[in-house]
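Listed in order, the protein sequences are those of chains A and B. The numbering of the first sequence is our numbering, which starts it at 1 and goes up by one. The numbering of the second sequence is our numbering, which starts it at 1 and goes up by one.
It should be emphasised that the hints constitute simulated quantities derived from the structure, not laboratory data. You may find that some hints are simply not true.
Derived EDC-like pairs (lysine to aspartate or glutamate); straight-line CA-CA distance at most 20 Å [to be verified]:
id, chain 1, residue 1, chain 2, residue 2
1, B, LYS316, B, ASP214
2, B, LYS344, B, GLU30
3, B, LYS316, A, ASP341
4, B, LYS344, B, ASP193
5, B, LYS252, B, GLU320
6, B, LYS252, A, GLU395
7, B, LYS252, B, ASP273
8, B, LYS252, A, ASP403
9, B, LYS316, B, ASP193
Label-pair ranges, simulated between beta-carbon atoms [what the hints assert, rightly or not]:
id, chain 1, residue 1, chain 2, residue 2, range
10, A, ALA326, B, ARG8, 16 to 22 Å
11, A, GLU83, B, VAL348, 34 to 40 Å
12, B, SER295, A, PRO28, 26 to 32 Å
Sample of chain B residues with no beta-carbon within 12 Å of chain A, all distances over it, derived [said to hold, decoys possible]:
id, residue
13, TRP21
14, ASP38
15, GLU129
16, ALA132
17, SER138
18, VAL149
19, PRO178
20, GLY215
21, LYS268
22, THR277
23, ALA306
24, LYS344
Cβ atoms here follow ideal geometry from the backbone N, Cα and C, with glycine treated the same way.
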Amino acid sequence: MKATTTTTSTEGPTLDEIAAEAHAFLAPRVPRRAPARLGEGPDDVMGVGLRRGDAELAEVETARAWQRDLFGAGLAWIDGPVEYGGRGLTEAHRNRVHAVLREYDVPNTACFMVGHDIVGPAILAHGTEEQRAAYLPGIWRGDIICCQLFSEPGAGSDLASLRTSARRADDGWVVNGQKVWSSYAHLAQLGELLARTGDPADRHRGITAFLVDMGAPGIDVRPLRQITGAEHFNEVFLDDVVVPDTQRIGEVDGGWPIALTTLTSERSLMGDEHNGLMNDPVRRLYALAESTGADTDPVVQELLAESWEREQIVRETARRSLDAPAEDQTGSVLKLMSTADMEFYIAVATRILGPRLAVDHGTWGTFAWSQLLLGAPAHRIAGGSDEIQKNIIAERVLGLPRDPRPPIPDRPTTTTTLRPQGPA
Amino acid sequence: MISAEELRALRDATRRLVRAWTPQSADDHEAAASAPPDRRTWAGMARRLGLQGVRVPEELGGTGLELEAELVVHEEMGGALHGGPFLPVVGQAVPALLTLAGDERARTMLAEIAAGTSVVVPADARWYEPDAALPVLSDGADGPTVSGVVPGVMAGAAADGWLVPADAGGRTALAWVPAGTAGAATEPMTTIDLTRGFATLRLQDAAAVVLARDGEAERARDAMETGAALALAAECVGIAAEALDLTVAYVKVREQFGQVIGAFQGVKHQLADLYVTLESARSALAFAARSVGESPPLRDAALAVARRRCGAAAFKIANEAIHLHGGIGFTWEHRVHLYYRRAKTNQVLLDTGGGQARTIAANVAALYAG
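The following block holds chain B by itself, in its conformation from the complex:
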């Protein structure tokens, strides 16, 4: 078990590094989005702190820490509004590849991820569009190929390749398509979140390596979904904490009626409510993380609690953060709107159409039925 002390050290080190290496203003984020992927930062995060290898076993060059440590890193990424491929690679691809740890190709990919030399990004719309059709895997004369369109691939354009769950004649397969493969192309999508890129991946008879099939592929896919949910929820906690910090700092200096506005009870009580909201998100995340090894109804209900609560908390706090900043909060120059944008994006990815409430309701009914 990682100690509280070690977690704090990991958090502090991550915070210093990620904040120094993440664009601050909306203009800088826009510039970064149209520039080529930032591989120096990616390599630096691995070299300095081994962040990509936080869950990768030590024999593959990682640090092999627990989920709790990974979530601390995602929180800091969220707080800094870091927009690189960290979440899809570390939050989604690594857990999926870890389920295939006996597979030599998966082990190589994990080692390259930990070393900061490879950006492996999942292309799976299921965690926010549960009924989306999968790309189709066909066995051609020259080996397997995939065809289909996957929207909403996070950091999709920055990837060295995509992990693509595919439909192989009614059975699930997990395909690996390296970037540069003929027939594979990404198009950037327009997003409200200026800090993170999403792309549509178009695959037309693109040559693919099949990493897993059937149950094994399903397990990898489930690991992607769970990992993404936990990572996004953790980001939300970081977003919420940082948006609240920014706002508390602002109301301590902004003066009206001859005093700082943070002295007015109307403002104080609103901020106290937001602090309770933040604590509820922290508890929701801790509950979900602690429950990953529990029985499926408890585990799934707990994860749904985090998906609902963390997203809602981040957006509520980011929204009130703009409000409490007054007019300055509504300007392009002030970065508080970046939290609002990221928070809403994460929230809708975490809980689409009230689905998580249904997940809780059904699983808790099962729990109570015993």
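Isolated chain A, as found in the complex:
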């Protein structure tokens, strides 16, 4: 977001001042997330994709009310431009506020993640003035939940092979096709769509990006039940969906750089301590070991030590990434670290819990780890699989030869890099 923040105040609050402001807002509203609170209340380890049906809708309503208050207090979009509802401060300010938020038991706002970290940044970077004004305040106030309409049954890691088409019509564009793995599409008001406007042989050069009203006629959202049992992502069928040309982002056939912005935003997402994927996993592991008495086992002590070590390292890497040039691909580094960390935490919980990881004995904070066990495989696929992240590092950081790609006929070989995309 750094590069696209147009209004940044130079005389704003210091980091300590913004932290104090956040504390002043939070303290009267929500309890502190203190160690003593482990053992009571919800024991969720995962931050996303836990509820379905009415429980999920209730969670979303709570999140919306909370987000409205946060927005009203000027604490929602710390590093966003003032003219679109942001606070106009720096990424460092944002991270500081998020660190403060982590100290409180605030409602789960994961349903806004796609809007805040993926679609919002794309609109800010590539949208028209009208699009920014129309959507950004709502996205940050919690009125608009967003989804991506990127992956297709035949276009996963190889996103540039997508086939959903957008054809010119009198009143704009007519979209036909099928999207899949669209997180939050069943709740979303706004979708960021990539559609084929050129020749499929042109691959990434024949793709255009649009903002789609998810309530438009012809859109059919079908939740997919996942291994967690939740319905967090969806199939989306688009059948003669009319999209006005004013909803186009960027140039016709110029959607690929916009997709790249979307994917680069993962840097913020994966590096952000407030990303909501996990709820304080290491502190919970320590508490778990203490409650079962496993904390006196030297093997468990070493596993706990490594858990804390991993958590600090990924945080420090995120901190360092703020000053890193884009070509360092810190987003890919952070994603690989985070997914490996998640698997490590599961291994530690497994060691401590044994059969209680598989069978719910009703003890607080035990069977909750099965959420992480069942949810973790998604994160090695989502947002670009581990293998894609490794290709990005190998090719763009280390300068190793690129993997073979299908040739693009009758055009010079492109120098634009393909960044395929898995589910969001």
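Since the structure of chain A is already known, use the hints to place chain B on it.
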């Protein structure tokens, strides 16, 4: 605060100088090890770039820069596999002497170190052998003397004298024993690391100057240990980065099956994993360096993170570097094995017997207990 720009300039200048003045091959390192200590390089590093004085205050002839700058220099020393006494002098002795900065003798030693005219090396086995017995300090008729054996003194044979933590009747003292003192002798030790010498220091009723006692001596000793850990961890980052660079360069030119091996995904992904490993070591070091002023549980846990992660990362990368070089990597002529040797040596010095994991576990439990 030193700027990113200044740090980069310091790194580049150090890199150019240290690489030019460090032996490259195993044969050259072996030759250097049996030759007299290289005082021209030592003096040149001080004269050209003031490297020894990176932390020494300006009024004593140093540049008085922050820890971050010192660690950049250690990284470059590690990347070049420099084997002189830089680490024990700058990483250990200087921080210890800085805790005694009111002491005129300590100030003189710091000034001589900064000028490149003195090699002051600590003789303390605690940072890798926590239970090792200290030499004994006795007050004889002609003044204090020390007796005892200190193994594993880094660059011990190249020193102008040793800073020796000693046991003075159950209390700690920090003694200074100049080289050439009757009753003080070093013996070289056989090591896997061909690039750096270790010696056993034998002291038999050797006349000593007591620089500090009790709390003051303990503080100096703690500064030695912390300084050594940070410096070795920084070296590991440099070793890891250089071993990875060497390997990436190699897989871009080595051809098999009609293409460079770096085009195979099996190789690319392995190297990408190693890059993530390197970044994790960089983060661990940055975290520890940033935490030196924090509360003791956080500071100690953070340092232990760097001790574990940087050593492990350097060895992992050096090991894979040999593997990805294939047979040539297993030859005496190719220098990649020198990284493997240095990395393992640093790793075991940084974390002995899993002790650092225990340090983390205990301190984090204290942090969480609040």
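Of the hints stated earlier, which fail here? 1, 11, 21, 22 and 23
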